[in-house]
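Hey, can you work out the whole structure from these sequences and the hints?
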Amino acid sequence: MIFGLALVVFAPSSRAETIAPDELVRRLATEVTNAVRNDPELQNSQSPKIADIVGRLIVPRFDFQRITQFAMGRNWAKATPQEQKDVVEQFGRLLTRTYSNAIASLKELDIEVKGTKTNSAANDVTVKTQMIGRAQPVAIDYSLINSAAGWKVYDVTVEGISLITAYRDEFNTLVSSSGVSGLIKVLKKKNGE
Amino acid sequence: MKRVRQLALGFAFGLSLGTFAHADETATQPYDPLERVNRVTFALNDVVDMVIVSPLVSIWNAVLPQPVRQGVSNVFDNLDDVYACVNHALQGRGTQAGTDLSRVLVNTTVGVGGLFDVGTKIGLKKSYGDFGQTLGVWGFSTGPYVVLPLLGPSTLRETAGRAVRVTTDGRNLLPTNTYYALTGTEYLATRADAKANEGLIAASSLDRYVFVRNLYWQRRSNLVQEGRQTTNPSSQP
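Protein chains in written order, with this note's numbering: chain E, 43 to 235; chain X, 4 to 240.
The reader is advised that the hints may include incorrect statements.
As the list claims (entries may be wrong) - Only part of the chain E face toward chain X is listed, based on derived beta-carbon distances under 7 Å:
| hint | residue |
| --- | --- |
| 1 | T140 |
| 2 | D152 |
| 3 | Q178 |
| 4 | T199 |
| 5 | G202 |
| 6 | I203 |
| 7 | A208 |
| 8 | E212 |
| 9 | V228 |
As the list claims (entries may be wrong) - If you want the ones that stay clear, here's a sample from chain E, every Cβ over 10 Å from chain X, calculated:
| hint | residue |
| --- | --- |
| 10 | I61 |
| 11 | R69 |
| 12 | L70 |
| 13 | P82 |
| 14 | I95 |
| 15 | G97 |
| 16 | F106 |
| 17 | R108 |
| 18 | A119 |
| 19 | E131 |
| 20 | R139 |
| 21 | S189 |
| 22 | G221 |
| 23 | K232 |
No lab work stands behind these hints, which were simulated from the structure alone. Yeah, the Cβ is synthetic: ideal placement off N, Cα and C, and Gly gets one too.
Here is the structure:
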């Protein structure tokens, strides 16, 4: 009986993945490309099944809290806890929705992990990959951070162009002109709410 | 009189490049003092795109099968490799210039006039290069962000680079009609290639003008850093 209880207590933490960041990226890429290849329905960018794949395979491996914090920069401290929660939710929704459309095109593409580089600290790394299948290989780097919940992606850099840097500029402009509430309003409108 | 005018323009131009020395392209915040004008041009470009360019691109995509479109893009990419080679040499990147030259030779001969990108297949990596990048490697700052009619995002420095290319390009030797046909085709092919990304940018950005400006700024900054790294690995900023 105590044994059974111990199992219940320990089961959740034993599910926490402690895989290395490059392995995480490799698995993420393989799982998504395999899913798209094996199911023709996923090759249609309008398919509702895509949301399922994105929710299952991609979202858990991304740290939307941190992505939003980076994009907000100094403006994060200016926001109330409720506003912070709203921005994370809306921005996460925006990213998930728009980049899900790109999934369908992964049918003919392969992602190869090329190496890992440590950034400022041991728990902050960049995994370099190449996407091959188009005319020229595309360099895509994933920046990951390690925490209690395991490694998670906090930035994607395509051919040297960082996503959160681009969004930081946008967020800055919007917050400067209409405050954090204005930013949230724009995000909600963009998400169709 | 014309010669004096040209010299004066050239001098004024060079002077203006120097006065913008405080605009540091390694800063993530783009330098955009002309934002109001730029936003107007940006909006006008969208209108031209909607009315003229997009319909043409649709016809282009419908009429030409993918391998043909890829071939056309490859031919122009091959010409770009010549330009890249010269610029990489000017930047002091001999090895890269050598690779570029090999690419041009292989793609023009085995690749049938540039139609097929054989170079990439045999391991000769394509590396972009232009005179704006060269100017940056030489130490010129970007100057203000400029949105050019039809051509889109640029900076004062990059526009100068573009002007140099246009005036020194070998295609100036072609008869006028051929020149325009070639340039028009190149423009169409470029816009057709960019279509997929344009959709994604429009869907994922909150203020497209700001988003595009930032993407462009990051790109130019990376190109100059790339150019400097290979030149002087010891003198990193």
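Consistency of the hints with the structure:
1. T140: holds, 4 Å
2. D152: violated, 15 Å
3. Q178: Because about 6 Å separates E/Q178 from the closest Cβ in chain X, which is inside the 7 Å limit, the hint holds.
4. T199: E/T199 check fails; min Cβ-Cβ to chain X is 9 Å, beyond 7 Å.
5. G202: holds, 4 Å
6. I203: At 5 Å from the nearest chain X Cβ, E/I203 passes the 7 Å test, so the hint holds.
7. A208: holds, 5 Å
8. E212: holds, 5 Å
9. V228: At about 5 Å, which falls below the 7 Å cut-off, the nearest Cβ of chain X leaves the hint on E/V228 intact, so it holds.
10. I61: Per Cβ check, E/I61 is outside 10 Å of chain X; nearest 29 Å; holds.
11. R69: holds, 24 Å
12. L70: At about 19 Å from chain X, E/L70 clears the 10 Å cut-off, so the statement holds.
13. P82: holds, 20 Å
14. I95: holds, 18 Å
15. G97: Consistent with the label, E/G97 stays out of reach of chain X, its closest Cβ about 18 Å off (over 10 Å).
16. F106: About 15 Å separates E/F106 from the closest Cβ of chain X, which puts it past 10 Å; holds.
17. R108: holds, 18 Å
18. A119: The assertion about E/A119 holds, with a minimum of 19 Å to chain X.
19. E131: holds, 15 Å
20. R139: violated, 8 Å
21. S189: Holds, since 25 Å exceeds 10 Å.
22. G221: Its Cβ never comes within 10 Å of chain X, the nearest being 14 Å, so this holds.
23. K232: Since the minimum Cβ distance to chain X is about 6 Å, E/K232 lies within 10 Å and the statement is violated.
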